[in-house]
Amino acid sequence: QRFGTVGEPDGINPAFQIPGATEIRIPIGESIPGNKTTETVLRGNLSSSTKTAEYHEIATSHPLLDGAVPATGASLLNSLDWVTTPFQAGDSIEMSGTDVDGNAISTSLSVDGTTTVDDLLSSLSSSFPGTTASIDTDGFLRLVADESGAVPMIVNLANGSTNVGQLDVVSNPLFIENAGEDGNIIRGGIEVFDNRGEGHVVGLAFEPQADGTWNMLATMDSAEGDILTSEINGISFNSDGSFAGIQGSATGELEFQFVGQVDPQVVTISFGTPGSLNGLKSISGESSIATEQDGFPPGTLNSVSVDGNGIIDGLATNGRRIPLAQLAIASFRNPAGLENRGDGTLQVTRSSGDVQLGSAQSGGRGTIRSGQLEQSNVDIAAEFTRLIIAQRGFSANARTITVANEMLQELTQILR
311 QRFGTVGEPD GINPAFQIPG ATEIRIPIGE SIPGNKTTET VLRGNLSSST KTAEYHEIAT
371 SHPLLDGAVP ATGASLLNSL DWVTTPFQAG DSIEMSGTDV DGNAISTSLS VDGTTTVDDL
431 LSSLSSSFPG TTASIDTDGF LRLVADESGA VPMIVNLANG STNVGQLDVV SNPLFIENAG
491 EDGNIIRGGI EVFDNRGEGH VVGLAFEPQA DGTWNMLATM DSAEGDILTS EINGISFNSD
551 GSFAGIQGSA TGELEFQFVG QVDPQVVTIS FGTPGSLNGL KSISGESSIA TEQDGFPPGT
611 LNSVSVDGNG IIDGLATNGR RIPLAQLAIA SFRNPAGLEN RGDGTLQVTR SSGDVQLGSA
671 QSGGRGTIRS GQLEQSNVDI AAEFTRLIIA QRGFSANART ITVANEMLQE LTQILR
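So the number in the working numbering is just where the residue sits in the sequence shown, counting from 1, plus 310.
Hints in this document: simulated from the structure, not taken from any laboratory. We treat Cβ as the ideally placed atom computed from N, Cα and C, and that holds for glycine. It cannot be assumed that every hint is accurate.
Said to hold, decoys possible - DEER-style ranges, computed between Cβ atoms: (1) 664 to 703: 36 to 42 Å; (2) 358 to 488: 20 to 26 Å; (3) 536 to 394: 50 to 56 Å; (4) 322 to 664: 32 to 38 Å; (5) 492 to 447: 26 to 32 Å; (6) 641 to 696: 27 to 33 Å; (7) 394 to 418: 18 to 24 Å; (8) 337 to 657: 30 to 36 Å; (9) 447 to 522: 41 to 47 Å; (10) 644 to 707: 42 to 48 Å; (11) 557 to 680: 47 to 53 Å; (12) 359 to 570: 40 to 46 Å.
What the hints assert, rightly or not - Dumping the calculated EDC-like pairs for lysine to aspartate or glutamate here, alpha-carbon to alpha-carbon at most 16 Å: (13) 361 to 602; (14) 346 to 602; (15) 361 to 487.
Let the sequences and hints guide you as you build the complete structure.
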């Protein structure tokens, strides 16, 4: 007999018990449906000694001066020491080279006496996609790739062929101040289950960045679908190696479009509690990635277990543990007043009081021990009495048989 509502429909677990019914149903062999992944928790270590990626950076050889002070974005080109002959209407600065993707670039900026450093910076950024042009406080013009790593970017500046004005690109050319480098990539993986409970292996690649953060890229076999949102960037850590956040948040999201599924599936990636070491961390030592997610494949109920509270759990082949029911435990005001009816049964009496059903470990009902034999409640005195009576009956019957046998022997002798 069961007690409570364990095993009844709750909107979370499969339900095998009928509300209001007291019998316990244990459906061994029943199919257990799968469940899609909604959250994945990452734990482990991204080693702080891992080689970081470097940004590709191009800069002028010397600072640009406006008079005797470093130039700013508002400075006119014609006021710079970089310009040997002032520009006039119709002049141009030619830009050529290759962008971060290796594409050839050839464009120009029309200049005159009103052109500023900001105009040149804006033209450089737009002409070389994936870069940001700026001028620092010392007056150096810089063009930096937006993403770290090795890129084939080259930038050359030249004066227009019909120019009056002249830019001194010979003594102060642009050069590669810092060649971008790829960092060491730490790889891991997760299994994501879709709405049908089908698993999909997703690779995770973590790459350290020059600013101390990490970027994560998710990949998947294209035959299984597409990853609509595959990157989580800006994973940062505190000075003690504890997780700090992701661009101001503690979580990130990946979005998948699996083959055969109508709607995209969003999976939240949790990196741990900010300020703690309970999730992903970055300290010295070996790198490692461990994952835990809430999805699972379909399975079959194949065994049960009982805990100390009398909860019967069903164990499925997919690793799920499903609460099936809770055993009802009887208690009495006076247990000694129960009448022994034999065969391990007891009868309620007026002395014992009415039965009170409840759960184990409540109301003095004790605990359940799974796999243990119950102590016998047989009346030993009564059983010994029955045994003695049976033994005496056996002895009497044995004597009767002996007497009958002797009489038959005497009769046989007389007949002879």
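The hints, checked one at a time:
| no. | hint | in the structure |
| --- | --- | --- |
| 1 | 664 to 703: 36 to 42 Å | holds (41 Å) |
| 2 | 358 to 488: 20 to 26 Å | holds (22 Å) |
| 3 | 536 to 394: 50 to 56 Å | holds (54 Å) |
| 4 | 322 to 664: 32 to 38 Å | holds (35 Å) |
| 5 | 492 to 447: 26 to 32 Å | holds (30 Å) |
| 6 | 641 to 696: 27 to 33 Å | holds (31 Å) |
| 7 | 394 to 418: 18 to 24 Å | holds (19 Å) |
| 8 | 337 to 657: 30 to 36 Å | holds (33 Å) |
| 9 | 447 to 522: 41 to 47 Å | violated (22 Å) |
| 10 | 644 to 707: 42 to 48 Å | holds (43 Å) |
| 11 | 557 to 680: 47 to 53 Å | holds (49 Å) |
| 12 | 359 to 570: 40 to 46 Å | holds (43 Å) |
| 13 | 361 to 602 | violated (27 Å) |
| 14 | 346 to 602 | holds (13 Å) |
| 15 | 361 to 487 | violated (19 Å) |
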